[in-house]
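Heads up: the sequence lines are chains A and B, in that order.
Sequence positions in the first sequence follow our numbering and run 1 to 203.
Sequence positions in the second sequence follow our numbering and run 1 to 203.
Source of the hints: derived by calculation from the structure; they are not laboratory data.
Quick reminder that beta carbons are idealized off the backbone N, C-alpha and C, glycines included.
Please note that a few of the clues may not be correct.
[What the hints assert, rightly or not] A few chain B positions that, by computed beta-carbon distances, are all more than 12 angstroms from chain A:
| # | residue |
| --- | --- |
| 1 | N47 |
| 2 | P86 |
| 3 | V98 |
| 4 | K114 |
| 5 | M116 |
| 6 | G169 |
| 7 | T193 |
| 8 | G196 |
[Said to hold, decoys possible] Here are the simulated lysine-lysine pairs, DSS-like style, with alpha carbons at most 25 angstroms apart:
| # | chain 1 | residue 1 | chain 2 | residue 2 |
| --- | --- | --- | --- | --- |
| 9 | B | K2 | A | K118 |
| 10 | A | K142 | A | K127 |
| 11 | B | K142 | A | K127 |
| 12 | B | K127 | A | K114 |
| 13 | B | K127 | A | K118 |
| 14 | B | K127 | B | K114 |
| 15 | B | K114 | A | K127 |
| 16 | A | K127 | A | K114 |
| 17 | A | K45 | B | K45 |
| 18 | B | K118 | B | K142 |
| 19 | A | K142 | B | K127 |
| 20 | B | K45 | B | K2 |
| 21 | B | K118 | A | K142 |
| 22 | A | K127 | B | K2 |
| 23 | A | K45 | B | K127 |
| 24 | A | K142 | A | K114 |
There are 2 protein chains.
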Amino acid sequence: MKLYNFEISGNCYKIRLLLSLLGIEHELVPVDLRQGENFEPALLKLNPRAQIPVLDDDGTIIWDSSAILTYLARQYGGERWLPTDPLGMAEVVQWLAVSENEILYGLARARAIKLMNKPWNPEECRKLGEQALEVVEQQLAKSSWLAGHTITIADIACYPYIGLSGDGGFSLDPYPAIRQWMARIETQPGYITMPGLMRVGEG
Amino acid sequence: MKLYNFEISGNCYKIRLLLSLLGIEHELVPVDLRQGENFEPALLKLNPRAQIPVLDDDGTIIWDSSAILTYLARQYGGERWLPTDPLGMAEVVQWLAVSENEILYGLARARAIKLMNKPWNPEECRKLGEQALEVVEQQLAKSSWLAGHTITIADIACYPYIGLSGDGGFSLDPYPAIRQWMARIETQPGYITMPGLMRVGEG
Numbered sequence: 001m002k003l004y005n006f007e008i009s010g011n012c013y014k015i016r017l018l019l020s021l022l023g024i025e026h027e028l029v030p031v032d033l034r035q036g037e038n039f040e041p042a043l044l045k046l047n048p049r050a051q052i053p054v055l056d057d058d059g060t061i062i063w064d065s066s067a068i069l070t071y072l073a074r075q076y077g078g079e080r081w082l083p084t085d086p087l088g089m090a091e092v093v094q095w096l097a098v099s100e101n102e103i104l105y106g107l108a109r110a111r112a113i114k115l116m117n118k119p120w121n122p123e124e125c126r127k128l129g130e131q132a133l134e135v136v137e138q139q140l141a142k143s144s145w146l147a148g149h150t151i152t153i154a155d156i157a158c159y160p161y162i163g164l165s166g167d168g169g170f171s172l173d174p175y176p177a178i179r180q181w182m183a184r185i186e187t188q189p190g191y192i193t194m195p196g197l198m199r200v201g202e203g
Numbered sequence: 001m002k003l004y005n006f007e008i009s010g011n012c013y014k015i016r017l018l019l020s021l022l023g024i025e026h027e028l029v030p031v032d033l034r035q036g037e038n039f040e041p042a043l044l045k046l047n048p049r050a051q052i053p054v055l056d057d058d059g060t061i062i063w064d065s066s067a068i069l070t071y072l073a074r075q076y077g078g079e080r081w082l083p084t085d086p087l088g089m090a091e092v093v094q095w096l097a098v099s100e101n102e103i104l105y106g107l108a109r110a111r112a113i114k115l116m117n118k119p120w121n122p123e124e125c126r127k128l129g130e131q132a133l134e135v136v137e138q139q140l141a142k143s144s145w146l147a148g149h150t151i152t153i154a155d156i157a158c159y160p161y162i163g164l165s166g167d168g169g170f171s172l173d174p175y176p177a178i179r180q181w182m183a184r185i186e187t188q189p190g191y192i193t194m195p196g197l198m199r200v201g202e203g
């Protein structure tokens with residue numbers, strides 16, 4: 001299995017983290033977004049959106065981080081990481097949607113403005129990012145995990161850009177339930193970290 | 001079953017359309033976004049994101065349009081609208097992700113700037129919207145439906161804001177595969193339209 005990967009991308013880290021939690025051996029193929037390597041023809045052929053991560057599982061190509069999490073959960077994780085009952089699955093998809101909306105366009109973009117000089121509106125990113133943290137905190141004040149009673153790909157999808165939000169100027173001090181949830185994720189067997197990620201268990 | 005609904009919201013129309021294709025009776029509860037009714041306490045209690053659609057299926061509450069499509073497909077549609085095999089499901093999730101990213105932040109926002117005076121950046125919406133149309137066109141040039149060999153919730157998720165893109169200043173003239181796909185959707189048994197939606201079968 002090959003993962004087209006950029007070390008400081010939170011979306012790529014989602015996949016590296018799930019692969020590690022599932023104990024799946026894989027090869028990392030480096031794609032440097034800062035050099036525009038995502039626009040090279042070989043990668044565009046795999047993913048018309050010119051983005052990474054892209055997964056190549058013995059010739060089966062999947063692009064989009066939420067889709068790759070879904071594929072890995074269904075193919076290698078049984079019901080544990082993505083239940084297939086209607087409500088259980090819908091609850092996971094709710095948080096995949098938050099990860100693609102408020103978290104990506106708020107927390108991740110605020111970080112990309114600072115780290116990669118992206119031309120987005122910092123005020124809008126801050127507002128969306130705070131909405132992301134509020135809605136995640138509300139859920140985690142009621143429940144140990146975002147969807148259902150165990151860790152799922154909902155948690156894996158939302159965790160990276162929350163853990164990296166300090167890079168974009170956000171503080172997690174006002175969010176105790178989020179910090180406790182991060183500590184629970186850090187203790188999962190097979191857990192790995194990434195550069196810049198806040199580790200609450202260490203602090 | 002109750003759907004909290006705003007008539008000119010493409011995200012609400014996704015749900016009305018799937019309910020109609022599935023032949024499910026339901027009650028519409030109007031929520032006027034232009035009056036800010038989505039911030040009323042009763043709705044915030046159902047959806048902390050202060051958004052619609054929200055579905056109430058006999059007390060089971062689901063928010064987020066992708067999550068509601070997932071719930072309805074799994075609860076009432078068997079394998080037809082959302083397959084559960086790993087690749088089949090991942091392909092659907094890929095297009096749900098496009099609907100939440102390029103389509104929502106490009107096509108839908110460009111429309112909301114014009115219809116609701118939203119303060120977003122028109123140039124950025126135009127760029128993302130064109131990326132949305134390009135990537136959907138590329139897929140539909142190869143395949144009748146976005147994911148797999150039949151209509152799925154991937155098509156239902158992407159269709160509304162593509163059909164409404166004229167409101168945001170986009171033309172579908174350069175996208176023949178998209179127009180043929182729209183015509184295929186229009187002929188599905190139970191199909192319904194919404195105000196402002198382009199109907200290619202009529203033109």
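Earlier hints that do not hold, by number: Of the numbered hints, 1, 2, 3, 9, 11, 17, 18, 19, 21, 22 and 24 do not hold.
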